[in-house]
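Student: Take the sequence shown: its letter number 179 is residue 179 in the numbering used here, and every next letter is one higher.
Certain hints may be false.
[As the list claims (entries may be wrong)] For lysine to aspartate or glutamate, the following DMTMM-like pairs were computed, each having C-alpha atoms within a straight-line distance of at most 20 Å:
1) Lys18 with Glu128
2) Lys74 with Asp123
3) Lys92 with Asp130
4) Lys74 with Glu53
5) Lys18 with Asp123
6) Lys102 with Asp64
7) Lys92 with Glu73
8) Lys102 with Asp114
9) Lys92 with Glu77
10) Lys92 with Asp123
11) Lys74 with Asp114
12) Lys38 with Glu70
13) Lys113 with Asp97
14) Lys113 with Glu126
15) Lys102 with Glu53
Derived from the structure by calculation, the hints contain no laboratory data.
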Amino acid sequence: MADEFPGWHGTTIIGVRKGGEVVVAGDGQVTLGQTVIKGTATKVRRLAPGGREVVAGFAGSTADAFALLERLEKKLEATPGQLQRACVELAKDWRTDKYLQKLEAMLIVTDGKDLFVITGAGDVLEPEHDVTAIGSGGNYALAAARALMDSEHGAEEIARRAMGIAADICVYTNGNLTVERITP
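Based on the sequences and whatever the hints tell you, model everything.
Tutor: This is the structure we're talking about:
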């Protein structure tokens, strides 16, 4: 019966660092099989544990992502001002804890200085070209943003344009964006 369940799809999250700012943008679409369930979901959030603001965007199961965001907040409280260390600690727990191993989500996180992707495989990845993307339309948004990085556009405009291109190509992505900007 589990094989018959169509599964939830629909998230595109992008992180762009340019000109002293970092932008994380996410679309609002959630689908179940071939049906759009919601077009206005908010998948990018501001976290402020330990006084230093962090922006996080998630792709995958919403409940799983919220469980990970809670744990990330605890890690940030335990290591104030050390985003990389908090991310590594979360990734280690995610990889080794039997409960967390079952979670199906990915995160993009930034404090305005660092930009990381955290995966359930234990990865904490920093993008090579100051752009990263996850989710159903992530590869489309990533390609578009990388092509725009040499333009005169700032981080937010690049993120918005890249997400627009992804929404035009990926049926699991829409143009209803949540955009959060952060500077170091």
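Student: Does each hint fit the structure? Answer for all of them.
Tutor: Verification of the supplied hints:
1. Under the criterion of a C-alpha separation no larger than 20 Å, the hint pairing Lys18 with Glu128 is consistent with the structure, at around 13 Å.
2. Restraint check: the Cα-Cα separation between Lys74 and Asp123 comes to about 19 Å, which is no more than 20 Å; the hinted pair holds.
3. The straight-line distance between the Cα atoms of Lys92 and Asp130 is roughly 24 Å, outside the 20 Å bound, and the hint therefore fails.
4. Straight-line distance between C-alpha atoms of Lys74 and Glu53 comes to about 14 Å, which keeps the hinted pair within the 20 Å bound.
5. With a C-alpha separation of about 23 Å, the suggested pairing of Lys18 with Asp123 is violated against the 20 Å cut-off.
6. At roughly 9 Å between alpha-carbon atoms, Lys102 and Asp64 fall within 20 Å of each other, so this suggested pair holds.
7. The suggested pairing of Lys92 with Glu73 holds, with an alpha-carbon distance near 15 Å, which does not exceed 20 Å.
8. Restraint check for Lys102 and Asp114: the C-alpha separation of about 27 Å exceeds 20 Å, so the hint is violated.
9. Of the supplied pair hints, the one linking Lys92 and Glu77 holds, its CA atoms being roughly 17 Å apart against a limit of 20 Å.
10. Pair hint Lys92 plus Asp123 holds up; C-alpha atoms about 9 Å apart against a cutoff of 20 Å.
11. Between Lys74 and Asp114 the CA atoms are separated by roughly 18 Å; this keeps the pair inside 20 Å, and the hint holds.
12. Restraint check for Lys38 and Glu70: the C-alpha separation of about 23 Å exceeds 20 Å, so the hint is violated.
13. Simply put, Lys113 and Asp97 have alpha-carbon atoms about 29 Å apart, too far for the 20 Å limit, and the pair is violated.
14. This hinted pair checks out: Lys113 and Glu126 have alpha carbons roughly 11 Å apart, not beyond 20 Å.
15. A threshold of 20 Å between alpha carbons decides the hint, and for Lys102 with Glu53 the separation of about 28 Å lies outside it, so the pair is violated.
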